[in-house]
Amino acid sequence: MTDESSSPGLDPRGDAPRNREEEVHRLHRWESSAAADRRGGDIRRHTDVSTSAALDIATRPDPAAPLTSVAQSGATGRATTSGPGRARRRRRRGWSTKALGAAGVVGMLLTWELLPVTGLVNARFMPPASEAIGGLISNFGLTDFWVSVYDTMRAWALGMIIAVVLATVLGFIIGSPTFLRRFTNSTIEFLRPVPSVALIPLAVLLLGTDIESALMLIVYACFWQVLIQVLYGVADVDSVAMNTARSYGLGPLARIRYVIFPTALPYVMTGVRLAAAVALILAITAGLIIGTPGLGAEISRAQSGGNYVSMYALVLATGLLGVLVNLVMRMIERKILSWHSSVRTEVAA
Amino acid sequence: MTYIRTSLHIVALPLILIFIWFLATLGEASFFVPTPQLLIETFFETWTSERFLSDVFPSLGRLMIGIALSILIGIVGGLLIGSFRWLRALLEPTLEFFRAIPPPVLIPVIMLLIGIGDEMKVSVIVLGAVWPILLNTIEGVRSMDEVLADTSRTYGMNRVNTVRYLILPSAMPQIMAGIRQSLSIALILMVISEMFASTEGLGFAIVQFQRSFAIPEMWSGIVLLGLIGVVLSFIFQLAERWILGWYHGLREIEQSA
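Going down the list, the sequences are from chains U and L.
Read in the working numbering, the first sequence has 175 at position 175, and its numbers run on one by one without any break.
Read in the working numbering, the second sequence has 1025 at position 25, and its numbers run on one by one without any break.
The reader is advised that the hints may include incorrect statements.
Unchecked claim - Below 20 Å or equal to it, Euclidean Cα-Cα: the simulated SDA-like pairs (lysine to any residue) are:
| hint | chain 1 | residue 1 | chain 2 | residue 2 |
| --- | --- | --- | --- | --- |
| 1 | U | K98 | U | V240 |
| 2 | U | K98 | L | S1083 |
| 3 | U | K98 | L | G1226 |
| 4 | U | K98 | L | E1096 |
| 5 | U | K98 | U | L327 |
| 6 | U | K98 | L | W1086 |
| 7 | U | K98 | U | L110 |
| 8 | U | K98 | L | L1060 |
Claimed, not checked - Pairwise CB distance ranges (calculated):
| hint | chain 1 | residue 1 | chain 2 | residue 2 | range |
| --- | --- | --- | --- | --- | --- |
| 9 | L | G1027 | U | Y248 | 50 to 58 Å |
| 10 | L | I1073 | U | A99 | 26 to 34 Å |
| 11 | L | L1072 | U | Y248 | 51 to 59 Å |
| 12 | L | N1161 | U | W95 | 50 to 58 Å |
| 13 | U | N243 | L | N1161 | 15 to 23 Å |
| 14 | L | E1050 | U | T178 | 46 to 54 Å |
| 15 | L | F1044 | U | S304 | 32 to 40 Å |
Simulated from the structure, these hints should not be mistaken for lab results.
Note that the structure is predicted; figures quoted are calculated from it, not measured.
Backbone N, C-alpha and C define an ideal beta-carbon position, used for all residues, glycine too.
Hey, can you work out the whole structure from these sequences and the hints?
Here it is as structure tokens:
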């Protein structure tokens, strides 16, 4: 126990509890071992370098989330950057932050616009930003563009569904008995780092240049992302909760539904969010290299045809698609985990 | 006894899988799947000869340069962006967009701008692998303990010492998390960049084997890539244990308390 458990009233952060309910909640948290609670509640974040690090393709945590970095709480044993004072300050700063961010984007676009105009870069190979954006906007009116977006996103969605279902089912089976987890550990650790692009030649040979080979790459890459998270999630089940459920006479299925599943769900969602980014990369890579229909194939066609403006427009489109996928996945995660303490504190802050 | 049991745990499943593979390829030889013996023979034949110097060596060199550059740029840039709030606000949306672009689509762009030499491949690796390190460093610097920061300021630590003894150590766990992701991204991009307009390298070799229907050789290339991935993650774990030893120790104490 750290010093904070003995004297909760003298909180060094100075943000005194505003009402009774909150205070009760705080006291309760301190009683049930503050450090462990905070850690456990905040699993979506970088709580454990060795676990989340291994898997995280996009560890970039939500900028809006309260910061309880392990590094900082490790140093003095308490979180210092949360609390109402900080939230108020942040709100005041919100406007200038947005303005600066917009200025950054405009500055980047201006640099891009000016580079070819001044002749620093060959304008043929790097058309100015205005042309590329114009190309992108005119793409929005073309059926062909939307068909290739549809093709890419179909491969993305199908691959994600297959990978997530497979990994979740297998993860729950492997993760529960200790014996199976130890038995499969070496194999999983060996197969996981195998880069999925190594399978490209195999996919071409076996499945040709249709959506199936894109699916094979996507499923392989996403499967490990999700599986590892599910395994960590299943291993994280609180033994007291498990024993309680057992002594209350919950059957194996009920235990999975009411104890293991809620514990593992935040981990699963992290895995799914990471897998979504990886799946998009592979869906486009497959088009680029193998030629499965989609945005990737369009980019490689535009490049070999010398149509560089449309190539840049398509690259911009993939970036927008990436941002969109990230936003949507974050939203879904927040919605599904709205009951979880890490999301609840985020809303309160 | 426990040693025997753990080693049994480690080798049992791989042995079973290889045995199944052996049985499955016993009958008529499948064109697409070589037998285990053939694969092992081909592996040594293919990769121990001059191919190691002509294909594997340049690939690994580019990979190492790419990773080193990514780490350098990521940490230095992250320290800068993380330390100044206005800089972070200025660059955050732009970085967010660049990170969302799938790195492979940058290959055609970079091919146009830089050409198809080694520089192109290294810059593709850097452009893909730098983001996790950069963003994690920013996040690590940002989430620094304010009490520690105030203390070091009160004690009059100069800038160099602050970075060396305060900022870097407290951001290190997150930086290492970023590096770990970057390793796998860098390996993937190494392979992909060699599949475009290339005459040597692992990625090129594997695609060439596939196009000439040299199936066992192609498989051996896939196995070699897998081995490189495994070795990389092993080296990383050693480095992490060395660099973050203090941190894991701290966490163990905290958790047992």
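Does E1096(L) sit within 20 Å of K98(U), going by the straight-line distance between their CA atoms?
Roughly 14 Å between the alpha carbons, so the hint for K98(U) and E1096(L) holds.
Okay, L1072(L) versus Y248(U) on CB: inside 51 to 59 Å?
holds, 56 Å
With respect to the beta-carbon atoms only, verify the hint that I1073(L) and A99(U) lie 26 to 34 Å apart.
Distance hint for I1073(L), A99(U) holds at roughly 27 Å.
20 Å limit on alpha-carbon distance, applied to hinted pair K98(U) and V240(U)
With Cα atoms ~46 Å apart, K98(U) and V240(U) exceed 20 Å; violated.
For the pair supplied as a hint, K98(U) and L1060(L), confirm whether the alpha-carbon distance does not exceed 20 Å.
violated, 42 Å
Range hint 32 to 40 Å (beta carbons of F1044(L) and S304(U)) holds or violated:
Holds - the Cβ-Cβ distance for F1044(L) and S304(U), about 38 Å, lies within 32 to 40 Å.
Given the hint of 46 to 54 Å, is the C-beta distance from E1050(L) to T178(U) inside that range or not?
holds, 48 Å
Check whether the Cα positions of K98(U) and W1086(L) lie no farther apart than 20 Å.
Within the cut-off at roughly 11 Å; holds.
Is K98(U) close enough to S1083(L), meaning Cα to Cα at most 20 Å?
Between K98(U) and S1083(L) the Cα gap is close to 18 Å, so the pair holds against 20 Å.
50 to 58 Å as the expected CB spacing between W95(U) and N1161(L), which holds or is violated
Check failed, 36 Å falls outside 50 to 58 Å.
50 to 58 Å as the expected CB spacing between Y248(U) and G1027(L), which holds or is violated
holds, 54 Å
Does L327(U) lie within 20 Å of K98(U) when you go C-alpha to C-alpha?
holds, 17 Å
In this structure, the earlier hints numbered 1, 3, 8, 12, 13 are contradicted, and the remaining ones agree with it.
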